[in-house]
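Using the sequences plus the hints, can you model the full thing?
Each chain, written out:
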Amino acid sequence: MRYMLLMIPKGYESAGPDVQPDAGRVAEMMRYNESLQRAGVLLAIDSLHPPSAGARLHFAGGKVRVVDGPFAAAKEVLGGYWLIQAKSRDEAIAWASRCPAGDDEVIEVRQVHEFGDFAPEVQAAAGAYFDMPEKR
Amino acid sequence: MTDDRQADIRRAIDAVWRIESARIIASVARLVHDVGIAEELAQDALIAALEQWPADGIPRNAGAWLTAAAKNRAIDYLRRGTLIDRKHEELAREMEGESTMPAPDDTAALEDDIGDDLLRLIFTACHPVLSPDARSALTLKLLGGLSTDEIARAYLTPEPTIAQRIVRAKRSLSDAKVPFEVPRASELPERLSSVLEVLYLIFNEGYSATAGDDWMRPALCEEALRVGRILAGLMPAASEVHGLVALMEIQASRAAARVKPDGEPVLLLEQNRALWDQLLIRRGLAALQRAEALGGALGPYALQAAIAACHARARIADDTDWARIAALYEQLAQITPSPVVELNRAVAVSMAFGPAAGLRIVDVLMREPALRQYHLLPSVRGDFLFKLQRHAEARAEFERAASLTRNERERKLLLDRAAACGP
Chain A
12 MRYMLLMIPK GYESAGPDVQ PDAGRVAEMM RYNESLQRAG VLLAIDSLHP PSAGARLHFA
72 GGKVRVVDGP FAAAKEVLGG YWLIQAKSRD EAIAWASRCP AGDDEVIEVR QVHEFGDFAP
132 EVQAAAGAYF DMPEKR
Chain B
2 MTDDRQADIR RAIDAVWRIE SARIIASVAR LVHDVGIAEE LAQDALIAAL EQWPADGIPR
62 NAGAWLTAAA KNRAIDYLRR GTLIDRKHEE LAREMEGEST MPAPDDTAAL EDDIGDDLLR
122 LIFTACHPVL SPDARSALTL KLLGGLSTDE IARAYLTPEP TIAQRIVRAK RSLSDAKVPF
182 EVPRASELPE RLSSVLEVLY LIFNEGYSAT AGDDWMRPAL CEEALRVGRI LAGLMPAASE
242 VHGLVALMEI QASRAAARVK PDGEPVLLLE QNRALWDQLL IRRGLAALQR AEALGGALGP
302 YALQAAIAAC HARARIADDT DWARIAALYE QLAQITPSPV VELNRAVAVS MAFGPAAGLR
362 IVDVLMREPA LRQYHLLPSV RGDFLFKLQR HAEARAEFER AASLTRNERE RKLLLDRAAA
422 CGP
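Chains A and B are the protein sequences, given in the same order.
First residue of the first sequence: 12, per our numbering; consecutive thereafter.
First residue of the second sequence: 2, per our numbering; consecutive thereafter.
Facing chain A, according to a computed beta carbon distance under 10 Å, are these residues of chain B, among others:
1) 9
2) 19
3) 145
4) 234
5) 262
6) 283
Pairwise CB distance ranges (calculated):
7) 8/B <-> 126/A: 29 to 37 Å
8) 127/A <-> 370/B: 40 to 48 Å
9) 8/B <-> 116/A: 23 to 31 Å
10) 129/A <-> 408/B: 21 to 29 Å
These aren't lab readings, by the way, just hints derived from the structure by calculation.
Cβ coordinates follow ideal geometry from the N, Cα and C atoms, glycine included.
Written out as structure tokens, the structure reads:
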């Protein structure tokens with residue numbers, strides 16, 4: 012099973028577009044990342060630029076409206092994620108709890124959908140949809 | 002404390018155990034030189050944790066706590082044993098000094114030590130003195146942190162059978178006085194191939210799972226991959242380890258596409274490639290690149306991975322680089338000659354250079370005694386003949402293939418193809 016550990020750093024919602032992480036913190040975090048890698052569970056990892064450099068798209072009323080960041084209404088935003096392989100939710104939580112996170116950071120643990128999680132009719136629908144571009 | 006909270010802590014401790022057990026068993030085994038005893042001592046430490054942590058809470062450095070507790074038990078064990086001599090006394094004193102928490106500066110050195118111990122544990126669990134079944138079960142127990150019950154479910158085998166297999170395996174290692182060490186350079190290639198064989202066996206056991214099987218079966222694939230990645234980290238210069246990891250990552254990427262929702266298998270070339278897991282493909286290609294970057298001739302796992310990579314890189318089946326696949330099969334046939342590899346080469350050659358070229362290889366294989374009962378040989382030959390418009394001969398081959406297969410679905414498919422050849 013796959014789990015995503017979503018890092019939610021408080022204050023990141025209003026951070027400037029050029030904000031740089033603290034070098035000492037990064038070094039500490041790298042040791043944690045290495046421990047995930049050494050254990051063979053780390054599948055992917057990324058950190059995100061702050062929302063002030065991003066955009067949100069709204070789809071209400073059948074129209075696309077693009078709003079540039081920062082987003083006044085957002086109280087929690089993503090700072091990055093780890094994608095790990097774990098046998099259970101508890102194991103994912105155990106890995107997350109080792110993260111050298113600070114007082115103002117929250118990690119949300121979410122299971123990633125895998126194809127087999129879906130009911131046969133949903134799988135069939137996905138399969139049929141994806142099939143089309145293959146036929147030249 | 003409520004029962005719910007008890008259960009929560011119990012599950013949290015199980016998760017810590019799953020993450021830490023291999024490292025704990027490995028570091029204790031270095032002291033007591035017996036993986037069976039090391040596992041028991043580690044289990045004792047776990048029991049102590051189960052008694053203490055519900056009251057005190059789970060310590061932040063739970064792994065270090067468990068390791069220290071297990072090592073203390075190892076000291077007691079060595080003192081208690083009839084083997085007490087000056088050497089053990091010294092060792093025990095040394096370890097008492099050691100059992101305090103390491104200073105942060107020591108982390109790197111400590112990781113190296115644990116890495117060495119883990120490597121010893123992998124080589125010991127996969128020792129050729131054990132049968133492949135025993136090696137697989139022991140590897141899952143000691144390195145995967147899987148319970149006997151989970152292993153039993155994964156192998157669709159009664160739990161007592163697996164429990165006994167593990168007990169016997171540990172006893173065989175003791176009886177054979179298998180040292181807890183990484184093999185010497187002269188033995189290394191053979192011992193490493195025994196390790197890789199076990200990981201690939203575990204992987205394939207999981208990969209052959211069908212719809213409706215216990216979820217523990219596919220979990221075997223993840224487990225084999227996880228241990229493979231650990232091994233690749235510990236032996237970065239071993240090309241074949243990266244090769245096997247690459248092969249497993251790429252094969253695992255097709256998991257969603259290789260069976261229909263009703264459980265019917267889908268052939269590689271007919272799979273919906275949009276369902277292939279691009280993350281695993283990328284990881285597999287990266288691992289293959291590491292194997293290739295090490296230089297030297299590729300081993301059998303890396304070559305199979307390179308073949309799998311040709312499929313993975315093709316956006317649609319028609320884009321497949323069959324000439325390269327044929328060349329890779331030729332290399333594979335040179336280092337691991339086998340009629341089955343040769344048959345695969347024939348298919349690749351026919352795709353690259355036409356059915357007549359494939360038929361020439363297959364005609365030679367018709368004299369191969371090992372393939373006399375192998376339904377895929379007449380099935381492949383029938384396909385070549387059909388494409389060459391030699392319908393009557395093709396029909397005979399499909400019928401022969403149908404009579405050899407034990408799979409009902411396949412038999413029907415082959416008889417359909419025979420019928421399509423006309424009277």
